[in-house]
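Trainee: Given chain A, work out where chain B should sit, using these hints.
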Amino acid sequence: MGKLPPSLRTRNNLALPIRSLVKNVQSSPLESQSQSQSQSQSSSHHTRRKPKLTTQKPPTSITTHPSPPPPITFTSPDISAAKTLFNSLTTTKHSSLINNRFCNAILQSFSSVSSNIQDSIVLLNHITKTYPSFSPDKFTYHILLSQSCKNPNSDLSNVTQTLDLMASNGFQPDKVTTDVAVRALCSTGHEEHAIELIKKLSQVEFTKPDTYTYNFLVKRLVKTRTLSSVSLFIKEMKEGFHVNPDLVTYTILIDNVCNGKNLCEAMRLLDVLKEEGFKPDCYVYNTIMKGYCMLSHGGEVLRVYKKMIEEEIEPDLVTYNTLIYGLSKSGKVKEAIKFLNEMAKTGHFPDVVTYTSLMNGLCREGNALAAIELLGEMESKGCSPNECTYNTLLHGLCKARQLDKGVELYGVMKENDMKLESGSYGTFLRALCRNNRVAEAYEVFDYAIESKSLTDVTAYSTLESTLKWLKKAKEQGLAV
Amino acid sequence: MLPQRMKKAVTDNPKKLATLIDLVNLPSTLREFVGQSQSSRLGCFRRVWSYIKDNNLQDPKNKNIVHCDEKLKSILLGKTQVELAELPMLIKLHFPKGQN
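So the protein lines, in turn, are chains A and B. Per the numbering used here, the first sequence starts with residue -6, numbered consecutively. Per the numbering used here, the second sequence starts with residue 96, numbered consecutively.
Hints in this document: simulated from the structure, not taken from any laboratory.
When the alpha-carbon atoms are kept at most 35 Å apart in a straight line, the in silico DSBU-like pairs for lysine-lysine are as follows:
{"hint": "1", "chain 1": "B", "residue 1": "Lys192", "chain 2": "A", "residue 2": "Lys464"}
{"hint": "2", "chain 1": "B", "residue 1": "Lys110", "chain 2": "A", "residue 2": "Lys392"}
{"hint": "3", "chain 1": "B", "residue 1": "Lys187", "chain 2": "A", "residue 2": "Lys467"}
{"hint": "4", "chain 1": "B", "residue 1": "Lys111", "chain 2": "A", "residue 2": "Lys464"}
{"hint": "5", "chain 1": "B", "residue 1": "Lys166", "chain 2": "A", "residue 2": "Lys445"}
{"hint": "6", "chain 1": "A", "residue 1": "Lys254", "chain 2": "B", "residue 2": "Lys110"}
{"hint": "7", "chain 1": "A", "residue 1": "Lys465", "chain 2": "B", "residue 2": "Lys111"}
Keep in mind that this is a model prediction, so the values were computed, not measured.
Chain A with its partners taken away, still in its complex shape:
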């Protein structure tokens, strides 16, 4: 970004034409992936390269498949209008290109605006009548099922009806059907119905939910329900239908209790999952570490990490980032910095999150200048700072009474259209006002609203209370 040393920038620019010359035919996906990850600088090159790719593509795509007819999007749930629109297609030059996939797309589009499942069935019948070559497949019925699940009746009668329709046309509902239904029900907030349906479908081996469907539902439930009712559901599924929780299920539960800062329960669940014969993996431990981070228990985070190493579980980047974040947050930056080398040894390279956590820790110690130094180091390693990094630094600089550096940093943020977080905004305003730069504070207020960083209410009330605080402090002879 703006702060990148020019030497690095020119080198990148020079390297590019050479690279594109060598690899003008095949650009490996791996390379483009690592490029987009490496830094946002390269993303600008990325866009420059894109046109070349697209000019290459059209000839190949024309020879292999004919271009599909223009997609229809329905805006009205009126069935007769939909029929007319579909009929109009028969007269266009695209009519020869209509295939199963296209018919399904039409049905999908109509069902997304229609609230009446009967209308969709009518349209389906109309399509099959007009195009006898179209044979409804499993997807067709899943579209109908998904629609009926989005507006379920209280007794799920319309859902069962769709399932029956599917079966009577020779498509036995299977695990995919269950998945489609559960996701559609949950997407409209009908978790209660999803539980009911999943229990019903679990009675047949063929439609028993797989672990993805099951875990999806559990994940939704922990967000909307109490832990005890989720446990009850898990128990019922286990005892009634032999659908057992797996390691992912436990991770979801642990994540949920950790977010609620209930580490006690998290540890209990950890014991339970071990009793069940599962070996906790790095995701489970990462989650628990996150829980301790939220409580700012840096020591505990470190303890969990050591336990992981003891149990020979390979830590990943998230492990290290969580560890460094936790240590930094609880004032142990020196210890956190030690892990920078350790993680590099295991092949995990610090990213923007790692560096920002460390900067956060340094700023907490009031050592904002060291944090700025770290910014330089980070950029020299090709890691671009993001909004969060800049906000952390702005906050830190203002706290450490380095207002001029803070204003400079704010200039860079503004240039790059970065948003201000409410915390750094407040600190910045106070620092400006304290230094008798009220007009600049007003300008920051304008920017906060303009850039949609904050609502006008938040931005204004912070400004107002800052000025009030300033007046009081002046009266008492404290400020300036």
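Mentor: Structure of chain B alone, referenced to chain A:
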């Protein structure tokens, strides 16, 4: 990291929030300036602040000071010169407590 005090201050207090964003009937002087019969305190503040910017009323040497023109004077207690820092308080005077 974020200063919790600051964030909680106003937005979490429904009464304080109401005094900021509720539309109220403006007193005649303010009505003329704003050009509307109703406005919120926040809307009014933003109107005055953009008026100052549009008309370059800030002192070129010390931007913290505003030289009021006749129109602005009429709503800011007749002062010829105000500090930006006192602007919110001055506007608040037009919005007494317990109105409505």
